[in-house]
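*Asks:* On the provided structure of chain A, position chain B as indicated by the hints.
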Amino acid sequence: MSIEAAATRTLLMGIGNVLLSDDGVGVHVVRALEALERAGAIGHPVTIRDGGTVGLALLPELDGCGALIAIDAMQLGSAPGTVRTFAGADMDVQLGGKKRTAHEVALADLIMAATLTGCAPQRRALVAIQPGSTDWGLAPTQPVLAAIPAACQAIISLLEDWQHARAEQ
Amino acid sequence: MNARVVVDPITRIEGHLRIEAETSGDGAITGAYSSGTMVRGIELILKDRDPREAWAFAQRICGVCTLVHGIASVRAVENALDYRIPPNAQLIRNLMIAAQTVHDHVMHFYHLHALDWVDVVSSLKADPAATSTLAQSISSYAKSSPGYFAETQKKLKNFVESGQLGIFANGFWGHPGFKLPPEANLMAVAHYLEALAWQREVVQIHTILGGKNPHPNFLVGGAPSPISIDMSGTGGTSATALNMAGLEQIKSVIGRMRDFVDQVYLPDTLAIASFYKDWFARGEGVGNFLTYGDFPEKGMDDPSSWLIPSGAILGRDLSRIHAIDLTDPAQVQEFVSHSWYDYSGGKTEGLHPYDGQTHLHYTGPRPPYEQLEVEQSYSWLKAPRWKGNVMEVGPLARVLMLYAKGHEPTRALAGEALAKLDLPLSAMFSTMGRTAARTLESKIVVDQMQTWFDHLLANIKAGDLAVHNPIKWDPSSWPKTARGVGFMEAPRGALAHWIVIKDGKIDNYQAVVPSTWNAGPRDVRGQPGPYEAALMDRHTLYDPKQPLEIQRTIHSFDPCIACAVHVIDPAGEELMRLQVR
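From first to last, the protein sequence lines are chains A and B. The working numbering puts the first sequence at residues 1 to 169. The working numbering puts the second sequence at residues 1001 to 1581.
What the hints contain is simulated information worked out from the structure, not anything from laboratory work. Bear in mind that the values here come from a model prediction, so they are computed numbers and not experimental data. Don't take every hint at face value.
[Stated by the list, open to error] Pair by pair, the computed Cβ-Cβ distance ranges are:
#: 1; chain 1: B; residue 1: Gly1406; chain 2: A; residue 2: Ser133; range: 52 to 60 Å
#: 2; chain 1: B; residue 1: Gly1345; chain 2: A; residue 2: Gln142; range: 33 to 41 Å
#: 3; chain 1: B; residue 1: Glu1370; chain 2: A; residue 2: Ala79; range: 29 to 37 Å
#: 4; chain 1: B; residue 1: Glu1370; chain 2: A; residue 2: Ser133; range: 23 to 31 Å
C-beta atoms are modelled at their ideal positions from N, C-alpha and C, and glycine is treated no differently.
This is chain A alone, in the form it adopts within the complex (with noise of 0.2 Å):
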């Protein structure tokens, strides 16, 4: 592969551990989107990864990568299966905010780690899910669960904005 073509690749990394139930949502989110690429469902050149829980570890898989995206469990206060996205300058904020759940705290070191080193992605993003359960569990609860199309299609939706907006650049 190419330097160009990795830069317009994009990865798209599930967090959380596949044990603790609706923890590991980001995981079965990037499962999910395997079985989307596998059926030629994604059109776009992505780089899909389960990153569990192993932190900054995963800096070497943001090497060269233009852009980011992130799914995670994440504390919103809404209802558990709640989707919502923050991209770029806002998921700065997500991540930097003073009342940081430790989710938050291993990938906003990884974005850190990756802008001390210089391989912080240009374009990045972050797919929260709101878990319901933390419990010991290999599924997640029905709400949780029930919300992983809406993830993928979020996902597919700022896939599709960016390439607009490199197209206009």
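*Replies:* For chain B alone, coordinates are given in the frame of chain A:
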């Protein structure tokens, strides 16, 4: 908002650790309590599953140590079934474990622990030319020019001025406990950034040998990637099989790993340690050390071929190594007298992991709470003991074991390091000794990687391509019941999974992780765990609102758990609350 009540964010990594320390009027720590505040429920998830796929779940137990739980899991099944793996698979696993060990040690040092000794903010005052002179006086590392350090300083300055201290936000900058001159601080910060870049290369070993990263594949009976000697096609990280291109890449990564340890990590450790010699005199309270052993040259059933030997050291006596048996019900036992669990035979008994029970019974205060009820149960961690003894596990235990066994490279290396610092061997029993042991171990392991690689290559050249033994793959070949233990030396210490298989399914599964050994609470006899005992070993807090001293000693164990540190004054009033990661 109290994070522990709603989605406990720290659950993403291995668990959530809380330390409570009691201090006397002058700040001396008189009592310390370590509490894991998150349940580990892997045992409940694995019951009735296919033992061959247990690793895929087990590797998610701990967010940051995916590899080690995968290895322990496949070894547990292999041990239960008396299932031998081919020599190539053994060597491939050694290379994967070694890559993880060296990677984790370097990352722990620069990303977490160095910030306990290095004042990042002070490095902004350093003179880049003097930093260059300092760096060149301790190492031949190529990146050492005044321009390089000036550039690093500028990068850091921009970062700090942008108001996003970010990863550095939790430091107690300006605390008088920081002793390094600004130049040494700048050198360490530069190497912190180098370590970030370096780790990108190291993970390639897992990608090539495990098929993917950060969650490499494992296989009961061997290694997952077939070896292909086909010279055509793509290789390296984009290959589906281990081929010559991938092997070449591994060879070059091993070389760069070794260079970084030799030229950066080892000299930095010694340079930093030389300013903190008082930390070679506190922070090791137990004096008992346990290793399970790892890195078999031949097989797990041939302990004479292991790089790291197994055994127990009691009372700091290196002249006597006690043999251990992980299957003996009277040796490794877990106690719950101060843990939020019940045993069917009562809270005072100790259970061997084969007979382990996971009955949760929370009796603590309703969160958010001010203080733990330390006279009762106060942790979700059990208290593992070896023949009733509290044992420390980890790099210090391993380096002491290698030393006690007369491993020549270890003796030479430790001797050289101690001579440079003008310290006796007994200085190793300390916070800084633990930190230095981690560095020495990295050197011992990275030096061995080349040998394993050479053996693997020689096997392949001789026509031996086998990486998997299919003979016991089919459950119909298994006995009706079987049980086994899979153990390894994880970066943080001895790790074992105990499995009981019945009719082809998992009947019981218990993992005793290094942090349970080190961070566990008091036991039925009231003996404190290693973290607790270490903090009670000559620690005085300069400023209880900035408990740098607690952080140094707890971080020297490399807790992969985030920890919430609470310091309580004699009247029981909480002085401060912070999160240290």
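*Asks:* It remains to establish, for every hint, whether it holds in the given structure.
*Replies:* Structure-based check of all given hints:
1. Distance hint check: the CB atoms of Gly1406/B and Ser133/A are about 54 Å apart, consistent with the given range 52 to 60 Å.
2. A hinted range of 33 to 41 Å for the beta carbons of Gly1345/B and Gln142/A is consistent with their spacing of about 39 Å.
3. Between Glu1370/B and Ala79/A, the C-beta spacing of about 32 Å keeps the proposed range 29 to 37 Å intact.
4. Taking 23 to 31 Å as the suggested C-beta distance range, the pair Glu1370/B and Ser133/A conforms, at roughly 27 Å.
When the structure is compared with the earlier hints, no violation turns up for any of them.
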